[in-house]
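**Student:** Residue numbers (my numbering), protein chains in the order written: chain A, 357 to 862; chain B, 6 to 366; chain C, 396 to 705.
There's no promise every hint is true.
Each computed SDA-like pair below joins lysine to any residue, with the alpha-carbon atoms no more than 20 Å apart [as the list claims (entries may be wrong)]:
| no. | chain 1 | residue 1 | chain 2 | residue 2 |
| --- | --- | --- | --- | --- |
| 1 | A | K725 | B | K44 |
| 2 | A | K411 | A | A434 |
| 3 | A | K411 | C | H702 |
| 4 | C | K634 | C | T559 |
| 5 | A | K725 | A | R743 |
| 6 | C | K581 | A | K725 |
| 7 | C | K634 | A | R430 |
Hints were generated in silico from the structure; no laboratory data involved.
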Amino acid sequence: MTTLLTIEGLTKAYPGVVANSDVSFAIAEGEVHALLGENGAGKSTLVKMIYGLVKPDSGRMILHGHPYEPAEPRAARAAGVAMVFQHFSLFDALNVAENISLGMESPPPRRQLAARIREVSDAYGLPLDPDRTVGELSAGERQRVEIIRCLLQDPKLLIMDEPTSVLTPQEVEILFRTLRKLSSEGTAILYISHKLEEIRTLCDSATILRRGKVVDSCNPREKSAAELAELMVGSKLQTPSRPGATPGEIVLDVAGLSVRSASAFGTSLRDVTFTVRAGEILGIGGVAGNGQDELLAALSGEAQARAGSIRLRGTPIGALGPNQRRRIAILAAPEERLGHAAAPDMSLTENALLTGAIREGLTTRGFLKWPAARAFAERVITAFDVRTPGPANAARSLSGGNLQKFVIGREVLQRPEVLVVNQPTWGVDAAAAAAIRQALLDLAENGAAVVVISQDLDELMEISDRFAALNEGRLSPPRPARGLTMEEIGLMMGGAHDMETPHVDA
Amino acid sequence: MIRLEKRPTPSRFWTLATPLLAVILTMIAGGLLFAFLGKDPLEAIRTIFWDPLFHPQFASYSRPQLLVKAGPLILIAIGLSLGFRAGIWNIGAEGQYIIGAICGAGVALAFYPLEAWYVFPLMVIAGALGGWAWAMIPALLKTRFRTNEILVSLLLVYVAEELLASMALGLMRNPAGGGFPGSRNLQQYPAAANGELIAGTGMHWGVAAAFIAVILAYVLLNRHMLGFHIRLTGQSPRAARFAGVRPNALILICLGTSGALAGLAGLFEVAGPAGQISIDFNQGYGFTAIIVAFLGRLHPVGILLAGLLMGLTYIGGDLAQFMLGLPAAAIQAFQGMLLFFLLGVDVLTNYRIRIGRTEAA
Amino acid sequence: MDLSTINPLVLIASLMVAATPILLAALGELVVEKAGVLNLGVEGMMITGAICGFAIAVETQSPALGFLAAMAGAALLSLIFGVLTQILLANQVATGLALTLFGLGLSALLGQGYNGLKPPPTGKLDLGPLGDVPVLGKVLFSHDMIVYVSLALVVAVWAMLRYTRLGLILRAVGENHDAAHALGYKVVRIRLAAITFGGACAGLGGAYLSLVRVPQWTDGMTAGAGWIALAIVVFASWKPGRALLGAYLFGGVTVLQLNLQAAGLAVPVQYLSMSPYLITILVLVIMSADRGRAALSAPACLGRVFHASS
Chain A
357 MTTLLTIEGL TKAYPGVVAN SDVSFAIAEG EVHALLGENG AGKSTLVKMI YGLVKPDSGR
417 MILHGHPYEP AEPRAARAAG VAMVFQHFSL FDALNVAENI SLGMESPPPR RQLAARIREV
477 SDAYGLPLDP DRTVGELSAG ERQRVEIIRC LLQDPKLLIM DEPTSVLTPQ EVEILFRTLR
537 KLSSEGTAIL YISHKLEEIR TLCDSATILR RGKVVDSCNP REKSAAELAE LMVGSKLQTP
597 SRPGATPGEI VLDVAGLSVR SASAFGTSLR DVTFTVRAGE ILGIGGVAGN GQDELLAALS
657 GEAQARAGSI RLRGTPIGAL GPNQRRRIAI LAAPEERLGH AAAPDMSLTE NALLTGAIRE
717 GLTTRGFLKW PAARAFAERV ITAFDVRTPG PANAARSLSG GNLQKFVIGR EVLQRPEVLV
777 VNQPTWGVDA AAAAAIRQAL LDLAENGAAV VVISQDLDEL MEISDRFAAL NEGRLSPPRP
837 ARGLTMEEIG LMMGGAHDME TPHVDA
Chain B
6 MIRLEKRPTP SRFWTLATPL LAVILTMIAG GLLFAFLGKD PLEAIRTIFW DPLFHPQFAS
66 YSRPQLLVKA GPLILIAIGL SLGFRAGIWN IGAEGQYIIG AICGAGVALA FYPLEAWYVF
126 PLMVIAGALG GWAWAMIPAL LKTRFRTNEI LVSLLLVYVA EELLASMALG LMRNPAGGGF
186 PGSRNLQQYP AAANGELIAG TGMHWGVAAA FIAVILAYVL LNRHMLGFHI RLTGQSPRAA
246 RFAGVRPNAL ILICLGTSGA LAGLAGLFEV AGPAGQISID FNQGYGFTAI IVAFLGRLHP
306 VGILLAGLLM GLTYIGGDLA QFMLGLPAAA IQAFQGMLLF FLLGVDVLTN YRIRIGRTEA
366 A
Chain C
396 MDLSTINPLV LIASLMVAAT PILLAALGEL VVEKAGVLNL GVEGMMITGA ICGFAIAVET
456 QSPALGFLAA MAGAALLSLI FGVLTQILLA NQVATGLALT LFGLGLSALL GQGYNGLKPP
516 PTGKLDLGPL GDVPVLGKVL FSHDMIVYVS LALVVAVWAM LRYTRLGLIL RAVGENHDAA
576 HALGYKVVRI RLAAITFGGA CAGLGGAYLS LVRVPQWTDG MTAGAGWIAL AIVVFASWKP
636 GRALLGAYLF GGVTVLQLNL QAAGLAVPVQ YLSMSPYLIT ILVLVIMSAD RGRAALSAPA
696 CLGRVFHASS
């Protein structure tokens, strides 16, 4: 195989962090090359340099034997480098064809483009209607738009940034078949992930990044997942543990919960029904955008529901607001850390006050008790090992993992009877993620009813007692988590939606 | 190539330094403007900023004017700042100011010529209620129909101006005024007059109200849950809802308070310095207060200082007009410039400026 | 009162004139907002355009040069807004207000000595035989150049947004600036260009007020026209065709109330004068009451600060 792209000594520093330091590796034509590393290891910066979004401080890249210095994404695309983003670079209010056209250098006229989209999407088993508005598509379909946008440019190198986080297991299968077909046609794929099993099934070789440096490269098929994890994290990780407990009485009873989504392109909840017992963790999986935010809002009280559709120990509470629910020990931690769970520009003390005012008694007749609020913030910081100079620092100055520990810790320390969390470890480094999961397990151990909404199936399987999945605003009936196969989980999540199997005959 | 880099925490130094820097830059740019108009820039700046307070001849007259001008500006700006902090944009304070004056004067004229202790308190209540009610129009339309409060509150200023004109020409016209537009002069009606509290200082009830508002706003924003919720809503509306803030209630509170304060300012003005309802009663305080609120960084103490400074430019402007023939409009442009510079240098609070390598961005 | 003095044909012809300044400003603002920028300084740009156009037209005795100067002056002013909001990342609402306050002051300053002067007349466009068509000729085809420019601009903006690559990119930037940036589009440059265009349109509208509609210069003569243009953009749900409808509706109300004043309707003049503002508010309420539609048609990044972090 001939070398397609060589990367030599790429270095990029931001004030305070060296994102990439002397990174070198090579990708061959038709190779599926994994870039493996934790959050914050420098994967994103590296691919942004390859895609021309960021300029390296030093080092060089060679593509097809020629120096390659893309000044902007346009230059990268012209050189045959295409990228599918982790957070989709799509425009909700525009239709599929317009979205694709925006990502092309010289798009053909409208009608021709629509025909090309149909043609390519059929060939790769990713059906798409060019006239549909992107905002109405499911996460899986939106990813197809991105992929087709890349494929129409005949890329030599396709960069995929965490592509499976929005897919059901069945959809992952189909994606992998598409990627294998592409690779067999000679397209190299740079596949970024921290999911080890995926990399072992798909990739030919792997470069492992840790704190911005290449620490190893290997053939992932020859390593076990545990070995890869150790390479990635740099130490053995403690997997969360819990002694088997017998769940108590039903604490939270949700029956026929239907809530209209507050946002234009959101998903409304339809007839959601489940119960959670004391000491139990219910894991709720599902592809992003299937009603996760809405479910959290309905349980936290931000969205109002019919009173009887949510009950706490038999008392109807569906119509109560967030603070009334806090008073009866129903607490929540939303997915978006900056701007929802916490106010970015406010200090940790103020953010402690944000949800802690009622249960921690931080006010008297509406007047704030700043010393008490500061003490509570300090308690969270100590108990959850939040790395920060002190509670006077702004929330946005914390790293993702530290802020998430603060947000979860803030709720856990308020002694919830019911705790609802959404994506508790999203974008968090492995050590922090392990600590957060352990905290959730300990909370359940002490008798709280815990609902964990997450798109990380491995996480859910690790900590849940029972599992259910959200699909287009409906919740599948919960089943015991132990013994569920990936196949079954995938079907609960809605299977492959309307994807077809690609005709692999190349 | 110059790049901006977001600071992890807003700079404390620049938070305090930017208004000063903006004032200095405005003086420089203003000086250029005055030079362009053919005036000596240094003399113009001195006339505007120094002479009103220290001129041997005029200062004794103009010094009390400082409080007279700054009072309504501070009172209105304090109210506006609450809403601005929460992302609720009442820019129709001028209209609420007019309606407050009309309602307050209406009460006074209804009681005329009765001399009773309760006339003035009733006027105060009527003024506040009038401004409040006028601000409730955009507030209710926003909570009910999501109508943009910026446009509605602003358009209502023009409606209020027409109402003012019709009052001055019709209903409230002074029957003893020989057919001239304008109401009776309330300064000549002791029970309704808002006179100087301490002779020679310019201090009247409206100025006292402004100082009280500064203190209350400070306590509200720093020591009370409602103030915390106002700040939270402005910074991240979603986090505010998560914290249990009801957005609609906040809209009603913020618009209502700013309307009531603007109405009070109007009442104190019509019963005091202005004396009567007339066609050109409103002087643009409601708009200048927007500049005051921003210049004071939406902070009560800052607004107090900014109000005094802006009051100074009013008097200084008058003085410069009288002594140097500087057009009145120059001061208006000068005030607008100040807001531009403030908004421009504000970037230093939240971003670091890096000069260095080019970045593909 | 004598309603027979109101001639419906004259009414239509004069409503086109009354609506043109607002239509021009609204079209400019529509493009700006489509790019995701909320510029509340329309009033300030209009009045600056009004005085720039008036002064240059008086000095050169050429209305055409006046209109050009108005566009240039207001565009320059809008660039202050552009630099502050796009490069120095200032709050768009506050900066827009500042632009209006500054524009009002600046125009009064520039307008010293122009009060009470008469501008050179702007000629009617000779449309040949069309002007001779009975009835319609007088109503529709005997206006000045700018009326037709504004109508052509409606079509041009509509076609640009709908059919051209430029329009697509503009909409994309307004819809999701982060995604547009990730695809390599120059968000800041595109927005600056849109802001300048918006400024030029507002300036042209302002000059039309001072050179044709009134025609003379008085301080603060725009009297809220810029704010009404902003309201019309909302009314139009960001669609050029509906902006035309909105502006002509507003023009109709204005002209009608003026005619009623002239006809001596038994209502105080002030109540008639406030009616255009009240009707604008009413229309805003009706439009925004339809929540779903309003949310869908507004550009998603409207008014949000863009800062490329990478």
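**Student:** Taking the hints in turn, state whether each one holds.
**Tutor:** Against the structure, the hints:
Simply put, K725 of chain A and K44 of chain B have alpha-carbon atoms about 55 Å apart, too far for the 20 Å limit, and the pair is violated. Among the hinted pairs, K411 of chain A with A434 of chain A is consistent with the structure: their alpha-carbon atoms are about 17 Å apart, no more than 20 Å. With a CA separation close to 17 Å, the supplied pair K411 of chain A and H702 of chain C stays within the 20 Å bound. Restraint check for K634 of chain C and T559 of chain C: the C-alpha separation of about 15 Å stays at or below 20 Å, so the hint holds.
The straight-line distance between the Cα atoms of K725 of chain A and R743 of chain A is roughly 25 Å, outside the 20 Å bound, and the hint therefore fails. Proximity of K581 of chain C to K725 of chain A is assessed by CA-CA distance (about 48 Å); at most 20 Å being required, the pair is judged violated. Under the criterion of a C-alpha separation no larger than 20 Å, the hint pairing K634 of chain C with R430 of chain A is inconsistent with the structure, at around 31 Å.
Hint compliance for this structure: hints 1, 5, 6 and 7 are broken, all remaining hints hold.
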